[in-house]
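Those sequence lines, one after another, are chains A and B.
The numbering of the first sequence is the UniProt record's numbering, which starts it at 1 and goes up by one.
The numbering of the second sequence is the UniProt record's numbering, which starts it at 1 and goes up by one.
No lab work stands behind these hints, which were simulated from the structure alone.
Just so we're clear, the structure is a prediction, and the values are computed from it rather than from any experiment.
Check the hints yourself; a few may be wrong.
Stated by the list, open to error - Computed spacing ranges between beta-carbons, pair by pair:
| no. | chain 1 | residue 1 | chain 2 | residue 2 | range |
| --- | --- | --- | --- | --- | --- |
| 1 | A | D41 | B | T189 | 56 to 66 Å |
| 2 | A | Q204 | B | P151 | 20 to 30 Å |
| 3 | A | E191 | B | A95 | 51 to 61 Å |
Said to hold, decoys possible - Straight-line Cα separation of at most 20 Å, DMTMM-like style, residue types lysine to aspartate or glutamate; simulated pairs:
| no. | chain 1 | residue 1 | chain 2 | residue 2 |
| --- | --- | --- | --- | --- |
| 4 | A | K175 | A | D267 |
| 5 | A | K175 | B | E5 |
| 6 | B | K132 | A | D267 |
| 7 | A | K216 | B | E5 |
For glycine and all other residues, C-beta sits at the position ideal for the given N, C-alpha and C.
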Amino acid sequence: MKKSMFVCFILVALLASPLFAQGGGESASPKIGFMGPMTGDYANYGVRSNNSVIMAVEQFNAKGGFGGKVPVVLVSEDSEGNVEKGLSAIEKLSSADQIVGMIGPVLTGTSFAVGERVQSEGIVMISPSATHADITSIGDYVFRTVVSDGLQGEVAGNYFYSELGYRNIGVLYAKNDYSQGLYEGMTAAFEAAGGKVTIAESFQVGDKDFKTQLTKIRSANPEAIYIPNYTAEMAQILEQATQLGMDIPFLSCDGFSNPEIYDLAGDFTDGVIYVGPAKVKESPAYSDFVAQYEAKFGVGPDSFATNAYDGANILLQAMDKVYRETGKFNRAAIRDAVAATKDYPGVAGTINFAENGDLIAYQGLYKVNGTTPEYLGSYTVVDGVLTKVD
Amino acid sequence: MGIAEFFQHLMNGLTLGGIYALIALGYTMVYGILKFINFAHGDILMAGAYVGLFVFDGLRGDAPLGTWTLIAFFLAMLISMGFSAVLGMTIERVAYKPLRGANRLAPLLSAIGVSFILSNSAAWAFGTHSRKFNYPFDNTPVHIGEVVITPHQILILSVSLIMMIILKLFVDKTRMGKAMRATSLDQGTAMLMGINVNRVISMTFAIGSALAAVGGILIALDFKVYATMGTMTGLKAFVAAVVGGIGNISGAMFGGILLGLLETFGVAIFGIPTGLKDTIAFGVLILILLIKPEGLFGKVEKEKV
Numbered sequence: 001m002k003k004s005m006f007v008c009f010i011l012v013a014l015l016a017s018p019l020f021a022q023g024g025g026e027s028a029s030p031k032i033g034f035m036g037p038m039t040g041d042y043a044n045y046g047v048r049s050n051n052s053v054i055m056a057v058e059q060f061n062a063k064g065g066f067g068g069k070v071p072v073v074l075v076s077e078d079s080e081g082n083v084e085k086g087l088s089a090i091e092k093l094s095s096a097d098q099i100v101g102m103i104g105p106v107l108t109g110t111s112f113a114v115g116e117r118v119q120s121e122g123i124v125m126i127s128p129s130a131t132h133a134d135i136t137s138i139g140d141y142v143f144r145t146v147v148s149d150g151l152q153g154e155v156a157g158n159y160f161y162s163e164l165g166y167r168n169i170g171v172l173y174a175k176n177d178y179s180q181g182l183y184e185g186m187t188a189a190f191e192a193a194g195g196k197v198t199i200a201e202s203f204q205v206g207d208k209d210f211k212t213q214l215t216k217i218r219s220a221n222p223e224a225i226y227i228p229n230y231t232a233e234m235a236q237i238l239e240q241a242t243q244l245g246m247d248i249p250f251l252s253c254d255g256f257s258n259p260e261i262y263d264l265a266g267d268f269t270d271g272v273i274y275v276g277p278a279k280v281k282e283s284p285a286y287s288d289f290v291a292q293y294e295a296k297f298g299v300g301p302d303s304f305a306t307n308a309y310d311g312a313n314i315l316l317q318a319m320d321k322v323y324r325e326t327g328k329f330n331r332a333a334i335r336d337a338v339a340a341t342k343d344y345p346g347v348a349g350t351i352n353f354a355e356n357g358d359l360i361a362y363q364g365l366y367k368v369n370g371t372t373p374e375y376l377g378s379y380t381v382v383d384g385v386l387t388k389v390d
Numbered sequence: 001m002g003i004a005e006f007f008q009h010l011m012n013g014l015t016l017g018g019i020y021a022l023i024a025l026g027y028t029m030v031y032g033i034l035k036f037i038n039f040a041h042g043d044i045l046m047a048g049a050y051v052g053l054f055v056f057d058g059l060r061g062d063a064p065l066g067t068w069t070l071i072a073f074f075l076a077m078l079i080s081m082g083f084s085a086v087l088g089m090t091i092e093r094v095a096y097k098p099l100r101g102a103n104r105l106a107p108l109l110s111a112i113g114v115s116f117i118l119s120n121s122a123a124w125a126f127g128t129h130s131r132k133f134n135y136p137f138d139n140t141p142v143h144i145g146e147v148v149i150t151p152h153q154i155l156i157l158s159v160s161l162i163m164m165i166i167l168k169l170f171v172d173k174t175r176m177g178k179a180m181r182a183t184s185l186d187q188g189t190a191m192l193m194g195i196n197v198n199r200v201i202s203m204t205f206a207i208g209s210a211l212a213a214v215g216g217i218l219i220a221l222d223f224k225v226y227a228t229m230g231t232m233t234g235l236k237a238f239v240a241a242v243v244g245g246i247g248n249i250s251g252a253m254f255g256g257i258l259l260g261l262l263e264t265f266g267v268a269i270f271g272i273p274t275g276l277k278d279t280i281a282f283g284v285l286i287l288i289l290l291i292k293p294e295g296l297f298g299k300v301e302k303e304k305v
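Model the full structure from these sequences, guided by the hints.
What follows is the structure in structure tokens.
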């Protein structure tokens, strides 16, 4: 009893101390929020991202804070990876804590729910890891520092149309989120560009026989076949297409960047063109970040944490800019400053946001020569137009 | 649909059916004798495929396609059949025999348990990724007009046909076959007539498992080798055996081919979405169980092995 009283006292003192500090002169200290799963099955993601934000905030305050004098206060909330918990947390952050911007949520499901709230409250939100294509469609207060799942399909559709010159293609996809998402994304972009997906056949995960689907596709006579799948299925598809005597080019996705495909179907991979990861240059900023993170927390950052660090710094930089210009922390002005981020040198690479709040990122294009993928360049889609990056 | 596409679908359906038939033979044989569905059959097939793969790769080394690869393939198949026969007999001795007097549900549950043990052990020992089983012969497709067929497809169809005939002759004409039929009719009476029922049952499992190994290796050429390869194909083959009248050897062959054709044409002609292809097999299973539970060929009792 005594012991727990003592612990309580220490906790109260610890919690109260920033309040006292705040009361002691810096009354205008603005708050930013972080939300992610810090307990439960996804705790590893939330804790590591929270660490990044803590680090960014400490570094920022060590340099003097906004305008060199006002420090920032971080309020972290545990969503437990749960939508209901996330909603009550955003309620607390927005009304009790009066945050002016937030990093998170970490998971896609929570981000959908919390995104609706921040949009109506007018609080800018930068998620480090919600990849679902539709997250940024919530509204103009929602940003992310991670590649949207939609980008790959978009790059694929535009590349097939404008660079490869295809006008009608067939698709053979699996009934899972990954494959179906890519199929839908590619189709939307390809048809928006003016092409047509003349036949789309599907199968169940784990199927091994695709001859029926391939025979149907062969009869539809498309110029090429897009197979956004995992290696086990793609190997079967490529081999059985040859068995059916099909001589149609195959197009694929980042699943093809796994070298296992060459063990399983090495005789049939020649000529396949696929969208894969862009080539990333290792920057000194990145290795510095990893070293500092490891020294402070004892573990390394994952990609979520890396993105959270960049997101936090972008938010702080935007707040600083607004404060220097107006002396205040207006939520709408901060949103605009985040949106105006231009070539921010993040640890994960140069960061720009598209009109809708998506990270402008790149996808690599590869063509398989025998069993060796040959790099064709990196592409992105800016406002519906395919753009070659390098 | 053009005539070429129709015949291509027909060819695809026939060979897919050939695969089901090949496995259904083993299922139906064990059921015919013991009135017991060996749900581990698909996993014995998987074990046989792994043994075949390792032996074949070991014997072949870097040799190019030729006579030696064919010999190596044949040897690998023999060794795999032997291994699977022993495995099948061991499983029967350990997991099924002690339950022979128990109610019918007990050995069935035991079989499901054995199935999980086998596939999980394989996943643990060999990993969950697919391994390629290289063709021992040149599998360049043959064009007949616009219809394409591979030597492998022809092989699958002919092997299932030959195995069906041999199996039927064995059961109908040999002494062992006679003992099997006697055991099938009444184990107690068969024992009184001086038939070594234990030996007959062991033999049944040995033959059924050796058949599974042949099926496993032939399928692996097309579908690769992986720990759960026997699960779905095994279930489909089971459906095929039920459709043909479980326990009936030629019925299993027919059921397999029919199922392959239904799956192919259900999608190609009747417009069932391709994502629902698997549903066809199980839909047919339910229909058959409702309308004609003894299967299409299951009526004549003396046909049973």
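Tested hints:
One distance hint, 56 to 66 Å for the beta-carbon pair A:D41 and B:T189, holds here, with the actual separation near 59 Å. Checked against the given bound of 20 to 30 Å, the beta carbons of A:Q204 and B:P151, roughly 28 Å apart, stay inside it. Range check, A:E191 to B:A95: about 56 Å between beta-carbon atoms, so the 51 to 61 Å window is met. Of the pairs offered as hints, the one joining A:K175 and A:D267 is violated, with about 27 Å between alpha carbons and a cut-off of 20 Å exceeded.
Proximity of A:K175 to B:E5 is assessed by CA-CA distance (about 25 Å); at most 20 Å being required, the pair is judged violated. Distance check on the hinted pair: B:K132 and A:D267 sit about 12 Å apart at the alpha-carbon level, within 20 Å; holds. As the CA atoms of A:K216 and B:E5 are separated by approximately 8 Å, the hinted pair is consistent with the 20 Å bound.
Checked against the numbered hints listed earlier, the structure breaks hints 4 and 5; every other hint is satisfied.
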